[in-house]
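Protein chains in written order, with the numbering used here: chain A, 848 to 1138; chain B, 28 to 357.
Source of the hints: derived by calculation from the structure; they are not laboratory data. Glycine residues also receive a C-beta, built at the ideal position from the N, C-alpha and C atoms. Certain hints may be false.
Claimed, not checked - Straight-line C-alpha distance at most 25 angstroms; calculated BS3-like pairs for lysine-lysine:
#, chain 1, residue 1, chain 2, residue 2
1, A, K953, B, K248
2, B, K255, A, K968
3, A, K968, A, K953
4, B, K255, A, K953
5, B, K176, B, K122
6, B, K122, B, K133
7, B, K255, A, K960
Said to hold, decoys possible - Covered stretches of chain B (chain A as the covering partner; in silico rule of three or more C-beta atoms under 8 angstroms from a C-beta of chain A):
#, stretch
8, 243 to 255
9, 334 to 344
Spelled out, the chains give:
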Amino acid sequence: MTNQAQSNTNRMRHLELSDVGIDFPTANGPFNALQKVNLNIAKGEFISLIGHSGCGKSTVLNIIAGLYQATTGGVILDGVEVNEPGPERAVVFQNHSLLPWLSVYKNVELAVKQTRNGRSKAEMKDWVQHNLDLVHMTHAADKLPSEISGGMKQRVGIARALSMEPKVLLMDEPFGALDALTRAHLQDSVMEIHSALGNTVIMITHDVDEAVLLSDRIVMMTNGPSATIGEILDVDLKRPRNRLEMADNIQYNQYRHTVLKFLYEKQRKVESVSAVASLVKKPKNTSNNAA
Amino acid sequence: MIKTNIAPLMFQKMKKNVIRERVFASVNAVLLPLIGLLLFIALWAGVAKNIDTSLGEFPGPSQVWEQSFVLIDEHNAQQEKAEAFHVRQEERNAKRMASDASYEPKIRLFTGAPTFFDQIWTSLYTVAVGFFMASIIAVPLGILCGLSKGTYAAINPLIQLFKPVSPLAWLPLVTMVVSAVYVSDDPMFSKSFITSAVTVSLCCLWPTLINTAVGVSSIDKDLINVSKVLRLNAFNHVMKIVFPSSIPAIFTGLRLSLGIGWMVLIAAEMLAQNPGLGKFVWDEFQNGSSESLARIMVAVLTIGIIGFILDRLMLTVQRYVSWDKSISLR
Chain A
848 MTNQAQSNTN RMRHLELSDV GIDFPTANGP FNALQKVNLN IAKGEFISLI GHSGCGKSTV
908 LNIIAGLYQA TTGGVILDGV EVNEPGPERA VVFQNHSLLP WLSVYKNVEL AVKQTRNGRS
968 KAEMKDWVQH NLDLVHMTHA ADKLPSEISG GMKQRVGIAR ALSMEPKVLL MDEPFGALDA
1028 LTRAHLQDSV MEIHSALGNT VIMITHDVDE AVLLSDRIVM MTNGPSATIG EILDVDLKRP
1088 RNRLEMADNI QYNQYRHTVL KFLYEKQRKV ESVSAVASLV KKPKNTSNNA A
Chain B
28 MIKTNIAPLM FQKMKKNVIR ERVFASVNAV LLPLIGLLLF IALWAGVAKN IDTSLGEFPG
88 PSQVWEQSFV LIDEHNAQQE KAEAFHVRQE ERNAKRMASD ASYEPKIRLF TGAPTFFDQI
148 WTSLYTVAVG FFMASIIAVP LGILCGLSKG TYAAINPLIQ LFKPVSPLAW LPLVTMVVSA
208 VYVSDDPMFS KSFITSAVTV SLCCLWPTLI NTAVGVSSID KDLINVSKVL RLNAFNHVMK
268 IVFPSSIPAI FTGLRLSLGI GWMVLIAAEM LAQNPGLGKF VWDEFQNGSS ESLARIMVAV
328 LTIGIIGFIL DRLMLTVQRY VSWDKSISLR
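Just chain B, same shape as in the assembly:
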């Protein structure tokens, strides 16, 4: 009798424990980061009040919060203006067409100042192009370095030499070269865009290059023997064995590269005056109104959040393409 009663009781107790542990785990996962965030905001608010700059008090969380809505409003207002402009233009063209059949309608673009959100897009576009150019160079070069010790020995000093160079040092050189080389009456891209993208490329070449080379040179020797026994030619050897086998390493490199690229981009845009987030920060700094610092702080947080999202995106892609599911990627 007693025995039969105890078993379900014990089971229930165990079940309770399991539930309790799960609740704890989820509370920890949500609550602890929240506590960290709140503490930071409180500290920020407290310290900000005590810093007086020539542009007024350093912005606290509430001013920054306010400014983020101001920026959204400005964006909406600008879009309304743009829409009104296009409607007006269409009406005008229609009228002239009605009175004069031979009239060819002119369509002009809206030339209002770019808003914060336009600038975010510009930045994302620029970093994507720079990152893409770097990857196209770094992956094949990395594979070459990994395959041939000679190539690696030849290129390694260059990698070590240029890897630590700051984007700010490259920028003047890149600017001058771009202005000298990219001469066109009807340029498809603005020079500032190309300068920024090239600078980003120069800085995010290295992690991909190094990781690819390491990944390729550490391929399982047995897999290389398989390739030999199958008599795969050089092209198939690279495409069927080398490349897939180093994909986890390549993506580790790409993820690091994108992170660096995003960081470098802001500095590059500031100096190259590419109309992205970097220029936004610079313009606000030059503007020097009482809201400038709060607006810059909004940009800082935005840059952080976008950087975080980009990293998560790369992580998702990395998890998806990586065949080695035993590695825990984080």
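Bound-form chain A, shown alone:
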């Protein structure tokens, strides 16, 4: 217990979410999506946010990114309050969000030019190349996003985010739209990059295996409205982690079990079941009407 308190004070130095809550205005008054989210993240830590859809994971990420403003509480990064988006909190968007009219190279170059960091023209060119190298995309530098596969696009999205040299890398379900094999490839790439660069990473995911494999800590969110952090699981597995070895690792499977239990027992989505029921009913009604 004292150990954990100790680590919490250390973590406080880097990224701190204190008492974060947000209301969205609706026609029927404000809708409270999040409340009392408290989280301290250490430098270089890999955090996963997991929870059912609609629980406000993305909202948390958007608040850290500065795209949303918290109604209560706030986010502090290295002693400075976050109140607008910026390249030191680069985002990897779920559907890559590359500019479709720019080549792979130019997409990364745009970010590099914007966050120049005192580089000369030649150094900027090298830096673009370096980041494309990092995600193994140099071979497609001159292709348009529409000419490469979904996994490749996401790689470029990661390269663009990394090229901003962010203090925190925010990933919003980065591999959600990819097939299982491509996803595994990219997970390995992300682990590799994380161990090489040591960025702080916050990743949203639906995938329990992904969360356990990649993270130092898994933050499990309760269901909304007024969602908050339910449990935090420390994943104490040695790095580098190998997905094949992990499959037989007892500890790994225990972590996995803990997360699954949280998602499907403690935070079972009752609402979604009733939604399914109403969906099942509907076609029946229409067929009755037709008869």
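Starting from the known structure of chain A, fit chain B onto it as the hints suggest.
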């Protein structure tokens, strides 16, 4: 044994089918439009004979065909005249220079009546200027409307109010304003030209404006977030994200605008007496000779063909600049 024989046979049959389908497709692509065209010409020829106007029988295809060559001949004859005029002028000047060293040669322009082809050029030039002026106003204004809901709300009533107005209603007003404002001893452009171009502008402002506004307001929200994360300033946000992302929509608008502009131009030229195709039609109508109607029909077909070519040109440009290759443009 049998098996080995069947496989190539089946392959050959398939190949034959493919070839047959391809032949059919190309025949359809060429033959069907041709049939349509021939049917139209036959119908036209049949109906034309039965329409008697005060200027004689309504021209059929053969008279129109004839007149198109007459117009070409007239153009060539006029050019020969112009050339002869310039040669004569040069000779005269050279002679006077020889006899009197202090003589400064005078060069006068040939002032023969413009031919059909000169008039086509005038029309194209006028529509290009009008279209250009409209685009220069409509694209930035459309971007502004798309970016700011307030601006859109303020401008939208004006768009809805002026969009359906016919060029013929604008023309008298434009004519009076141009004569009042554009006063110069040595005008670079004739008033009729400016009146026509401005009228064209007023009518082809709207499709570009509306399409640009819609294109800008429907930018992918994630791309806007990218811009925010990169902290692009307002200028870079517009130039690097907003403008390129709405280029497909902008060009849809430009293409519609050019089509409308070309249509409006003919009417504007008729009333403004700008020496283009519109004036040609009007002059022939006033002329009232037995060939007039056939000559007007040549103009009608020419206007159609040029309109078609302009549209194809815009389509080619649109295809070239549009980053969204998934949309099939036609």
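Verification of the supplied hints:
1. For the proposed pair K953(A) and K248(B), the alpha carbon gap of about 20 angstroms is at most 25 angstroms, so the pair holds.
2. For the hint linking K255(B) to K968(A), the alpha-carbon distance of about 24 angstroms falls within 25 angstroms, and the restraint holds.
3. Distance restraint check for K968(A) and K953(A): the Cα-Cα separation of roughly 14 angstroms lies within the 25 angstroms cut-off, and the hinted pair is therefore satisfied.
4. Between K255(B) and K953(A) the CA atoms are separated by roughly 18 angstroms; this keeps the pair inside 25 angstroms, and the hint holds.
5. Distance hint between K176(B) and K122(B) is unfulfilled; the C-alpha atoms sit about 72 angstroms from each other, more than 25 angstroms.
6. Simply put, K122(B) and K133(B) have alpha-carbon atoms about 12 angstroms apart, close enough for the 25 angstroms limit, and the pair holds.
7. Between K255(B) and K960(A) the alpha-carbon distance is near 15 angstroms, which keeps this suggested pair within the 25 angstroms criterion.
8. Under the rule that three or more residues need a Cβ within less than 8 angstroms of chain A, the assignment of the stretch 243 to 255 of chain B holds, with 6 such residues.
9. Figure legend: the stretch 334 to 344 of chain B, annotated as covered by chain A; annotation inconsistent (0 residues with Cβ-Cβ distances under 8 angstroms, at least 3 required).
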